[in-house]
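> Sequence:
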Amino acid sequence: MKELKPPQPLPPTFDSFTVFLAGSIEMGAAEDWQAVIARALADLDLVILNPRRDAWDASWPQDADFGPFREQVEWELDAQERAELIVFYFAPDTRAPITLLELGLAAGRKRAVVCCPDGYWRKGNVDIVCRRHAIPMAADLDELIAHIRKEFFAW
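The opening residue of the sequence shown carries number 1 in this note's numbering; numbering runs sequentially from there.
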């Protein structure tokens, strides 16, 4: 397993199954569920595109003209477009507005799987979007990991 994070450049092509980890980060306040996924899939020959930047600076202005912020967002958009599978995790104790935006961008256009446990503030909206676009849903992180493995072996 290989894991890429911003600001690492994305290679021109990928020779392995690629998975983008979209989900709750909340400027570092959410649990590091991405690390849980990476550890669980370490035995597979795949590439994980993880947007959780190691050196994130919460003081950065969220402005399209601010270089480091723009670089982060463009990295995420490029990585999502190039991924074979987008994995969404909506942690119940977070809002994750960007993840909602990303789900909207992917719905009906990209292979995806969603984990949205009870307690997430917009679970009903997420459930309806997934039903409408036939996006599989996982009950928890273990089921999400199992789904990624299934997609990898079907690839």
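Careful, some of the hints might be misleading.
[What the hints assert, rightly or not] Computed cross-link-like contacts, BS3-like style, restricted to lysine-lysine with a CA-CA straight-line distance of at most 27 Å:
(1) K5 x K150
(2) K2 x K123
(3) K110 x K2
(4) K123 x K150
(5) K123 x K110
(6) K5 x K110
(7) K150 x K110
[Unchecked claim] If you anchor each label on the Cβ, the simulated ranges turn out as follows:
(8) L10 x A146: 20 to 30 Å
(9) A146 x K123: 32 to 42 Å
(10) S59 x W121: 36 to 46 Å
(11) K2 x L77: 19 to 29 Å
(12) L10 x D65: 21 to 31 Å
(13) F66 x A146: 37 to 47 Å
(14) P7 x D32: 14 to 24 Å
(15) L10 x P136: 18 to 28 Å
(16) R111 x D140: 13 to 23 Å
(17) E143 x S59: 35 to 45 Å
(18) D65 x E26: 17 to 27 Å
(19) D45 x D93: 19 to 29 Å
Derived by calculation from the structure, the hints in this document are not laboratory data. Using N, Cα and C, we set each Cβ at its ideal position, and we do this for glycine too.
> Please name the hints from earlier in the document that this structure breaks, with their numbers sorted from lowest to highest.
Going through the list in order, the structure violates hints 2, 9, 10, 19 and respects the others.
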